[in-house]
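There are 4 protein chains.
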Amino acid sequence: MRKICVFLGGRANYSSIKSAMKAIKEHPDLTLQVILGGQALTDKFGDLEDILINDGFSADEKVHMLVAGDKPVSMVKTTGLGMLGIADALEHLEPDFLIVVGDRYEVMAATVAAAYMNIRVAHTMGGEVTGTIDESIRHAITKFAHVHFPANKDAGDRIIKLGEEPEHVYVVGCPRVDHVHNLLERDPSMPMDLYEEFGGVGPEFDLSEPFLLVSQHPVTTEYGEAKKQIIKTIEACVRTGLNIIILWPNADAGTEGISTGIRQYREEHPGARIHAFKNLPNDVYTRLMKNTACLVGNSSSGIREGAYIGTPCVNIGSRQNGRERGQNVIDADTDEDQIYEAIEKQIAHGPYPSEPIYGDGHAGERIADILSKVEVNVQKRIVY
Amino acid sequence: MRKICVFLGGRANYSSIKSAMKAIKEHPDLTLQVILGGQALTDKFGDLEDILINDGFSADEKVHMLVAGDKPVSMVKTTGLGMLGIADALEHLEPDFLIVVGDRYEVMAATVAAAYMNIRVAHTMGGEVTGTIDESIRHAITKFAHVHFPANKDAGDRIIKLGEEPEHVYVVGCPRVDHVHNLLERDPSMPMDLYEEFGGVGPEFDLSEPFLLVSQHPVTTEYGEAKKQIIKTIEACVRTGLNIIILWPNADAGTEGISTGIRQYREEHPGARIHAFKNLPNDVYTRLMKNTACLVGNSSSGIREGAYIGTPCVNIGSRQNGRERGQNVIDADTDEDQIYEAIEKQIAHGPYPSEPIYGDGHAGERIADILSKVEVNVQKRIVY
Amino acid sequence: MRKICVFLGGRANYSSIKSAMKAIKEHPDLTLQVILGGQALTDKFGDLEDILINDGFSADEKVHMLVAGDKPVSMVKTTGLGMLGIADALEHLEPDFLIVVGDRYEVMAATVAAAYMNIRVAHTMGGEVTGTIDESIRHAITKFAHVHFPANKDAGDRIIKLGEEPEHVYVVGCPRVDHVHNLLERDPSMPMDLYEEFGGVGPEFDLSEPFLLVSQHPVTTEYGEAKKQIIKTIEACVRTGLNIIILWPNADAGTEGISTGIRQYREEHPGARIHAFKNLPNDVYTRLMKNTACLVGNSSSGIREGAYIGTPCVNIGSRQNGRERGQNVIDADTDEDQIYEAIEKQIAHGPYPSEPIYGDGHAGERIADILSKVEVNVQKRIVY
Amino acid sequence: MRKICVFLGGRANYSSIKSAMKAIKEHPDLTLQVILGGQALTDKFGDLEDILINDGFSADEKVHMLVAGDKPVSMVKTTGLGMLGIADALEHLEPDFLIVVGDRYEVMAATVAAAYMNIRVAHTMGGEVTGTIDESIRHAITKFAHVHFPANKDAGDRIIKLGEEPEHVYVVGCPRVDHVHNLLERDPSMPMDLYEEFGGVGPEFDLSEPFLLVSQHPVTTEYGEAKKQIIKTIEACVRTGLNIIILWPNADAGTEGISTGIRQYREEHPGARIHAFKNLPNDVYTRLMKNTACLVGNSSSGIREGAYIGTPCVNIGSRQNGRERGQNVIDADTDEDQIYEAIEKQIAHGPYPSEPIYGDGHAGERIADILSKVEVNVQKRIVY
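So the protein sequences, as listed, match chains A, B, C and D.
Numbering follows numbering that gives the first Met the number 0, with no gaps: position 334 of the first sequence is 333.
Numbering follows numbering that gives the first Met the number 0, with no gaps: position 341 of the second sequence is 340.
Numbering follows numbering that gives the first Met the number 0, with no gaps: position 321 of the third sequence is 320.
Numbering follows numbering that gives the first Met the number 0, with no gaps: position 280 of the fourth sequence is 279.
Source of the hints: derived by calculation from the structure; they are not laboratory data.
Any given hint could be a false lead.
Any copy will do: because identical chains look the same in the list, a pair fits if it lies in one copy or spans two.
Cut-off 27 Å, straight-line C-alpha distance, at most; resulting in silico cross-link-like pairs (DSS-like, lysine-lysine) [what the hints assert, rightly or not]:
1) K24 with K277
2) K277 with K226
3) K277 with K372
4) K372 with K227
5) K152 with K372
6) K160 with K289
7) K61 with K2
8) K61 with K226
9) K226 with K24
Predicted, not measured: the structure shown is a model, and the values here were computed from it.
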């Protein structure tokens, strides 16, 4: 029995790997282990452990690591603190592989810990190109990883160019798309019980009317601009006259800027038809993506799941630069007029046909299968 | 005035960057800052701060970070602890660039800290190929670095293949060679006061007689083998009948194995003509390299400075795999007979002519000059 | 020149020691050093560094240490993280004495760091008796401290009973009272520009009308009850019909409960005459205490500064148990009716005469003077 | 089932609590949990986990925390690092009580972690009086502990004076004496296989001849003096003409001084009849204490177990100041002549009768029994 450990830094990590976790758990030759860390353990952003248990998983180790403060120095301290805790956790669990997901800063902690401890690292969502420090983190993780599970061919080719052995680069598709695939097959309808279930703040407009969905994160290396940027986005959305559902951002440097911007706009425009939610479950969010008139912001979901779902999407600013995208995405600078015009175009167009750029819904099974068989030397060597 | 900060994790780091530090300190447009961490601060391996002060430098910040224990988990904890302390130090110093050297595990802490804090990273000795976890660390640092100072063209080409912008890859040569160049110009003679100055243990043979110089480090991913390997090396050396000077290893996972091996051999062979030193100053070591009949072990110095000096060198095992080498190096497996035969060949051959593979002695000045002028965006982007 | 270092974990620490800092800075034989840590460095709770600079001080070292999460485990991690950073800071500063204030959990980090590093510890506000984990922390700090500056005789006697040398227990009064003394001499009037200066949320009632002032913190060992308790307090206040100014709590385990309680009450009672402020400067708060009809909650300010000012105060629950109090305080359980009746009594009574239980306004000068002369062995020994 | 967790920072901790661990493990109403940390996990000082397993216990959690470096700042970093890891461990284990032993610096980490997390703390060996920073640590732990298990009545009285509730101060005797009691009942003879079993360095003199046993630790607050002190001790011992067995010290600030002193003396006096052992098992050490002509140094074992065994003991310097002692101990300053004369007196006297100052051999059972029944509020309150 191979022991496959997954590090989950937060909800986004979880929905990006859940289908693989399920497949590992069900695989006869694999045992699943889970380490929770980062935002996954702070009430403010939703207790992931409860969700895990509800989904039939459990947390083998928990590492409290999120350092407060809306500055880059906090990201470093979170990563260092994570490394300390994850080291003990890995020594306890002794996995054969550690799966790390994507490119958030705290994922570096898990990656370095495993690699230094001679534990093989498997990496999903590598090889993509974006803005912010995530760009460096993602490729650095690739240089530590022993097995690569990129979401599409473009990303896989980039990993090979980075000097990784082609035989250990497996283009499996994105496990987030698996999840979307399964979910929308079960129930694609608009979730009408949002207010009862998730509260939030702001007027309770009619959820059967058309609405915009806003999800915007701070861009680390432009830290300080976050508040101005979110206000421009909101103002562009308000000009369309549609109702607006807005989501609170993740805990990154710059988060406070976004949160303050949202709060300030709401206080200054008490009549604005904006309802803000904190921590909507991913399934609910996916069904909102299926039903929104347009997704606005800089979340990767618009590009990734959006391609599969066909969600009209306005992608703002540099955060997703370089990420391969389908026809459902219109890019805009952080400029109110550009954003407004792009949204109007998307509203006029309506839903797009599905494009399988980021997978066909079966990535998780492929990951489990490969990890049950792959033989890879713990000593890496660049190929050129 | 640009502030250029150097992170020094130990003596090896220092001799690899000292000439650049000097050039930065003397440059009219640059201010030098120094952060000491790792082995640099533990008595056991020599107090680097005293040496720095003696050389006209000072330590702006000190970060105690070395976690005890001869296991990979300690490497992770050291790195995490370093990250925590370096974050505060960088916030205090606010440098324009942080220079990180090479590929030791604790260098990762400084690299991640700076990159996350939007401080530009300059990396020396990137692009090379070796064994152990250093191989992954080196290339991961490249993916975080904004400016690259590889030691030779081969390494520079590799950095460009890794997707870095060619205009920020500067092949400057290795600053360690600068140091060797300056030193041997001043005094290439055998240091005859070793016993008086540095004590050590073992018989005090005549230093004007031919001797072997042994410097062997543990290979992390083969951790546990270290003791066996050093004993084979010593036995091969003893068979030559020459006197032996041996150095205690650095603090890595596996160090205890090497130390124990040396101790055990000496206890079991009380008559052996082996003298062991702890922490010889780099200058003394370099002059030993100039005068030894053969350097034996797996230190990078045999390949790097050895090429410049022309030291006959037997390089053992996988640690330096893939590193470009001159004609002065004969490789051997960790096999007593192979090692013995290689040493005999080198003794028969004698000193080699100098080869400038790793530089011509002026790398430090080039580094300072480039850092005083270079304009580079803090937001990195892979080129392909 | 003796170097006297002060550790400031947050604003409350600062107002508790500011007068001593001023006296140290002005003392001809002393140099002041400042380490900022904990809440002092997180935007969410106000950037103390700006305030310090504005007051003519500066931060010699900053230690990011506040770990997110509304659970006791976060308090431990904050303390551990603080210890790591404070160790480097103290090595850098090499003070003759470290002053630590009070009994918040992160103060333990500074205390242990200094004591282990053979730096003498001076402790203010020791010897008092309260509830929560602060009770244990305060007395443990006493056992590490070399010089004691209790706020009143009762506290001083208790420190002596704890086995400390009587000659190093100096009853100097509380430096917070110094501050109040100076401030109210300058300007005791109600600050009328609150809304313009500090924003806050809620209706902007007329500040010249009578108002209640609410400041309530979570009680750590009853964690989870926090939300219920604050709602009871608010409901009792609302029954009086007076306007209410309420303050957001500090970052402790349980804070989220208090914050959520306040938010929920406001959302459910949109017409409530409650205005909530985040991080009022201490001077403003003190002038509110001077002018409020009644201070309600469990802040130590009601007991300590309240005695000096004569503020009518209703002290709720166990948090201040055992703390010596003047006639200005009426205690109440966490019971809506009891709280309401106590408030009504206080409104009817009006302001009390000043009582110097916690000092006469000159503690800071005494502390500086003593620290410039005291000789105390770094090796402590219990007296019995 | 109550869960009773024990924190073990090293071998000394273990032999101080082993009999209680055994009794807890065998108690029908208790479950034993073990956290290993500090020296317990570093090869250099012996892997405690193997010993535990051999004794029928297991390590539920391991926390690598020992920071290298022979300076007080390393003690602080070790404690901070320990706190971070122990927090995760305690959250995982959720014990009803945490038992902490004695007064070593890293024990503070476990104590603070548990107390902050609302886990009741039981403390053994509190209330004693010694020198070094241990003195402050011990009493500070008392102020966090909920249940106290002092080794003798004198210590128990002191804990009560410190303001602890008398009903939770249980004078049970010292569990180390339990261990000695059991061991010597089984086999009190001199262990004759020392060289075969434990190697060590130095001449192999006849173990049936009379010998001195030397165990000396650095005194933290006099750090730097350690090397000089041990050399004086060795010289005094050598003057007696007896064979000498010397033990390497624990990892404290100052350890390197002791180690270097021993090494230096041996190198300078190659004929000296001194054999040095690293990490003798406690059982072997106890039997050496039973058979030595005189125990020399500053280990607490001379006073504590020595009283029970009747070992002639010369206690040097300030480290054990204030600790209650039997007639078997003669105190000496760190002065070669004084030490020599005291040793000669003890050799002349021979073994002493047993005194039960530190217990009768049944402390462990009492501890388990009390912890299975005691009801104690997690909220502490000083009694005066």
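Against the structure, test the hints numbered earlier, and report the numbers of the ones violated in rising order. 1, 3, 4, 6 and 9
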